[in-house]
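J.: The residues making up each chain are set out below.
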Amino acid sequence: MNLLSVSNLNVNFHLKGQDLAALIDVSFTLNRGERVAIVGESGAGKSVLGFSIVNLIDKPGYIKSGSIKLDNKEITKMTRPQLQEVRGKRIAMIFQDPMMTLNPVLTIGAQLVEAIRSHTRISFKDAKNIAIEKLHSVQIASPEKRFHQYPHELSGGMRQRVIIATVLLLNPDIIIADEPTTALDVTIQAEIIQLLLDICRNNSMALLLISHDLGVVSRIAERTIVMYAGRVVEEGPTLEIINDPQHPYTQGLLNALPQMALPGQRLNQIVGSMPPLNERPTGCAFHPRCPYATDQCRQQQPGFINSGVSTVACFMVEDMLTDTNSDYDEEID
Amino acid sequence: MFVFLLRRLVQAFVVMIIISVISFAIQNKLGDPVLQHVSMTVAPAERAQIRQDLGLNDNLVVQYWRFAKKAIHGDLGTSYYYKEPVLDVIFKKLPATFELAFCAIVMVAFIAIPCGILAAIKPKNIISRLVVALSTMGISIPIFIVAIFLVYIFSIQLHLAPSFGRGQTTDVFGLWESGLFSKDGLRHLMLPSISLAFALMPIFVRLIRAEMIEVLQSDYIRFAWSKGLNTRRIYFIHALKNTMLPVITVGGIQAGTLVAYTILTESIFQWPGMGFLFMDAVSRVDTPLISAYLIVVGGIFVVTNTVVDLIYGLVNPTVKLANHGL
Numbered sequence: 001m002n003l004l005s006v007s008n009l010n011v012n013f014h015l016k017g018q019d020l021a022a023l024i025d026v027s028f029t030l031n032r033g034e035r036v037a038i039v040g041e042s043g044a045g046k047s048v049l050g051f052s053i054v055n056l057i058d059k060p061g062y063i064k065s066g067s068i069k070l071d072n073k074e075i076t077k078m079t080r081p082q083l084q085e086v087r088g089k090r091i092a093m094i095f096q097d098p099m100m101t102l103n104p105v106l107t108i109g110a111q112l113v114e115a116i117r118s119h120t121r122i123s124f125k126d127a128k129n130i131a132i133e134k135l136h137s138v139q140i141a142s143p144e145k146r147f148h149q150y151p152h153e154l155s156g157g158m159r160q161r162v163i164i165a166t167v168l169l170l171n172p173d174i175i176i177a178d179e180p181t182t183a184l185d186v187t188i189q190a191e192i193i194q195l196l197l198d199i200c201r202n203n204s205m206a207l208l209l210i211s212h213d214l215g216v217v218s219r220i221a222e223r224t225i226v227m228y229a230g231r232v233v234e235e236g237p238t239l240e241i242i243n244d245p246q247h248p249y250t251q252g253l254l255n256a257l258p259q260m261a262l263p264g265q266r267l268n269q270i271v272g273s274m275p276p277l278n279e280r281p282t283g284c285a286f287h288p289r290c291p292y293a294t295d296q297c298r299q300q301q302p303g304f305i306n307s308g309v310s311t312v313a314c315f316m317v318e319d320m321l322t323d324t325n326s327d328y329d330e331e332i333d
Numbered sequence: 001m002f003v004f005l006l007r008r009l010v011q012a013f014v015v016m017i018i019i020s021v022i023s024f025a026i027q028n029k030l031g032d033p034v035l036q037h038v039s040m041t042v043a044p045a046e047r048a049q050i051r052q053d054l055g056l057n058d059n060l061v062v063q064y065w066r067f068a069k070k071a072i073h074g075d076l077g078t079s080y081y082y083k084e085p086v087l088d089v090i091f092k093k094l095p096a097t098f099e100l101a102f103c104a105i106v107m108v109a110f111i112a113i114p115c116g117i118l119a120a121i122k123p124k125n126i127i128s129r130l131v132v133a134l135s136t137m138g139i140s141i142p143i144f145i146v147a148i149f150l151v152y153i154f155s156i157q158l159h160l161a162p163s164f165g166r167g168q169t170t171d172v173f174g175l176w177e178s179g180l181f182s183k184d185g186l187r188h189l190m191l192p193s194i195s196l197a198f199a200l201m202p203i204f205v206r207l208i209r210a211e212m213i214e215v216l217q218s219d220y221i222r223f224a225w226s227k228g229l230n231t232r233r234i235y236f237i238h239a240l241k242n243t244m245l246p247v248i249t250v251g252g253i254q255a256g257t258l259v260a261y262t263i264l265t266e267s268i269f270q271w272p273g274m275g276f277l278f279m280d281a282v283s284r285v286d287t288p289l290i291s292a293y294l295i296v297v298g299g300i301f302v303v304t305n306t307v308v309d310l311i312y313g314l315v316n317p318t319v320k321l322a323n324h325g326l
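Which chain is which? The protein sequence lines are A and B, in order. The first sequence begins at 1 in the UniProt record's numbering and counts up by one. The second sequence begins at 1 in the UniProt record's numbering and counts up by one.
These aren't lab readings, by the way, just hints derived from the structure by calculation. Mixed in with the good hints, there may be bad ones.
Only pairs whose alpha carbons sit at most 25 Å apart, straight line, appear in this in silico SDA-like list of lysine to any residue [unchecked claim]:
#1 B/K241 to A/M158
#2 A/K16 to B/K241
#3 A/K89 to B/L216
#4 B/K241 to A/M100
#5 A/K128 to B/T231
#6 B/K69 to B/V303
#7 A/K59 to B/K69
#8 A/K77 to B/P123
#9 B/K122 to A/T76
#10 A/K16 to A/G215
#11 A/K77 to B/R233
#12 A/K77 to B/K124
#13 A/K59 to B/R233
#14 A/K89 to B/D171
#15 B/K183 to B/C103
#16 A/K64 to B/R222
#17 A/K64 to A/K125
#18 B/K183 to B/D171
#19 A/K125 to B/I234
#20 A/K89 to B/I221
#21 A/K145 to B/T318
#22 A/K59 to B/I234
Build the full structure now, drawing on both the sequences and the hints.
T.: Printed below as a string of structure tokens:
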């Protein structure tokens with residue numbers, strides 16, 4: 001049984017009298033101890049997806065239909081106390097900007113202890129011991145001192161470590177990390193990634209990593225889900241997707257990596273930009289930016305097919321497959 | 001902390017000097033002091049003598065120096081009308097104003113904070129819609145209209161509360177005339193303090209509501225939700241403390257406005273406080289009393305602002321009181 005299974009999730013936003021779709025028929029699963037990445041440009045719906053799993057979407061947004069099941073229990077139908085049970089204890093979140101994630105007027109210690117004590121009935125002293133132990137486990141020097149400090153007394157990388165320690169307090173089954181390294185500088189990024197990887201491995205925690213950074217993704221995630229304009233467009237093992245991207249959008253993303261450009265040349269980019277919620281094109285939403293777009297792409301939404309490398313929603317891949325498959329069929333017959 | 005206090009004291013001293021210069025300077029501009037002392041029939045030669053005796057022919061700087069030397073010893077001059085040292089006159093009236101302002105502040109704190117929070121966390125609730133509508137109205141209605149309405153309804157029509165004066169007062173340790181300890185005194189306090197509170201209430205309700213809404217959208221609140229904390233803890237520990245930071249600052253500035261509004265309120269309700277005294281002093285051209293009032297009010301301003309800064313520093317950990325700017 002899957003630890004987390006999201007099926008046909010539709011999330012809409014009520015904006016200026018319009019009901020706009022931010023997520024359309026998103027489905028995926030996450031197994032115990034598995035590390036999955038969700039990639040895509042800004043506005044693809046990655047973060048919305050992450051937040052809707054714990055029912056924390058921003059106000060005008062709401063879950064229109066679909067199901068999110070944690071151990072076969074429907075999260076979308078949970079009451080507030082039930083959700084509070086899940087949040088932090090079963091599913092914990094790491095946010096993008098460590099400078100904004102900790103409350104500036106409360107000590108590190110207070111913010112750690114409250115997280116433990118709101119889920120388990122233990123004394124302040126015991127909770128403090130757990131907190132200090134977790135601070136220690138994320139390689140924070142002199143945790144007893146840090147416990148009494150305020151967030152502004154810590155550097156960005158240190159704060160992200162504190163946040164990771166917060167997340168670890170209750171040994172959750174799933175960590176959702178929303179761009180956990182984007183706001184940090186490069187050397188600290190590498191440390192934080194390594195830390196996250198070690199933690200998930202050692203505690204067999206599942207990780208849902210939301211990122212636009214394919215470099216980070218390739219280091220952490222076993223499986224990758226590519227999103228575009230609110231839909232999943234490709235899904236498969238990270239290595240395979242990176243070595244042999246099927247969807248033109250995935251290809252574009254990989255080509256856009258600075259490493260892919262020759263020295264002295266302009267960086268490759270995907271022409272155009274992600275359409276805003278109220279201007280999603282018909283058919284395959286990627287067609288205005290796709291070099292291979294046909295009339296079929298402009299009119300119909302492609303379904304998912306298994307390309308052998310990944311599961312992908314693209315007519316071009318579909319056509320190529322049917323061509324080669326028919327060749328095979330003849331040979332086998 | 002000590003350095004911070006010292007710096008604030010130096011600042012306060014400079015501010016007080018400037019206030020004293022201004023209030024001294026206006027003394028000579030509010031008519032001829034000699035005319036306040038003697039009648040019109042006194043001969044010009046005698047008048048010139050009085051002018052000389054009062055030191056009014058001296059250089060302005062010399063005059064100020066004389067004034068400042070006395071002021072340091074607590075002598076701001078003698079009231080023309082009361083024939084008493086002005087500070088004594090003012091301090092006799094201080095308790096009345098202080099109690100009025102105190103009641104208004106308590107009222108504002110106990111009503112505006114819950115209303116502002118409610119309006120922020122339950123924006124669709126009928127009560128919070130009403131609160132927002134009333135606060136918009138309240139901001140645009142001048143205080144004297146509110147006061148007159150209060151008098152008309154509660155005093156003239158319903159006979160619930162008296163419309164003027166302080167009523168019975170109790171002597172506390174021979175230092176303070178208090179109206180807080182008798183039923184009659186409290187009844188007299190009702191209408192003036194309500195109308196004074198009315199002047200500040202809308203600003204605070206709107207400020208607290210706006211701040212709270214902003215804080216609730218911040219990342220650290222979302223992170224708090226994601227930790228599975230309960231609603232009460234998020235609203236009252238995580239959000240409220242951050243909401244109160246700007247409220248404390250504005251509150252300090254508004255404490256000054258409160259002093260200004262007491263003049264209006266005291267005039268309407270014939271409240272025997274400093275504001276009422278000041279209005280009388282102006283109409284009697286009692287210049288020493290006017291300038292002493294300005295200095296005392298300036299002093300109150302400086303003290304409240306320093307206290308507010310100290311409180312702010314204690315509440316907000318990112319402000320380091322110890323080595324700020326040194």
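J.: Indicate, hint by hint, whether the structure satisfies it.
T.: Status of each hint after checking the structure:
no.: 1; hint: B/K241 to A/M158; verdict: 24 Å, holds
no.: 2; hint: A/K16 to B/K241; verdict: 32 Å, violated
no.: 3; hint: A/K89 to B/L216; verdict: 22 Å, holds
no.: 4; hint: B/K241 to A/M100; verdict: 16 Å, holds
no.: 5; hint: A/K128 to B/T231; verdict: 23 Å, holds
no.: 6; hint: B/K69 to B/V303; verdict: 22 Å, holds
no.: 7; hint: A/K59 to B/K69; verdict: 64 Å, violated
no.: 8; hint: A/K77 to B/P123; verdict: 24 Å, holds
no.: 9; hint: B/K122 to A/T76; verdict: 22 Å, holds
no.: 10; hint: A/K16 to A/G215; verdict: 38 Å, violated
no.: 11; hint: A/K77 to B/R233; verdict: 23 Å, holds
no.: 12; hint: A/K77 to B/K124; verdict: 23 Å, holds
no.: 13; hint: A/K59 to B/R233; verdict: 20 Å, holds
no.: 14; hint: A/K89 to B/D171; verdict: 61 Å, violated
no.: 15; hint: B/K183 to B/C103; verdict: 15 Å, holds
no.: 16; hint: A/K64 to B/R222; verdict: 21 Å, holds
no.: 17; hint: A/K64 to A/K125; verdict: 44 Å, violated
no.: 18; hint: B/K183 to B/D171; verdict: 15 Å, holds
no.: 19; hint: A/K125 to B/I234; verdict: 22 Å, holds
no.: 20; hint: A/K89 to B/I221; verdict: 17 Å, holds
no.: 21; hint: A/K145 to B/T318; verdict: 17 Å, holds
no.: 22; hint: A/K59 to B/I234; verdict: 17 Å, holds
Against the hints set out earlier in the document, violations occur for numbers 2, 7, 10, 14 and 17.
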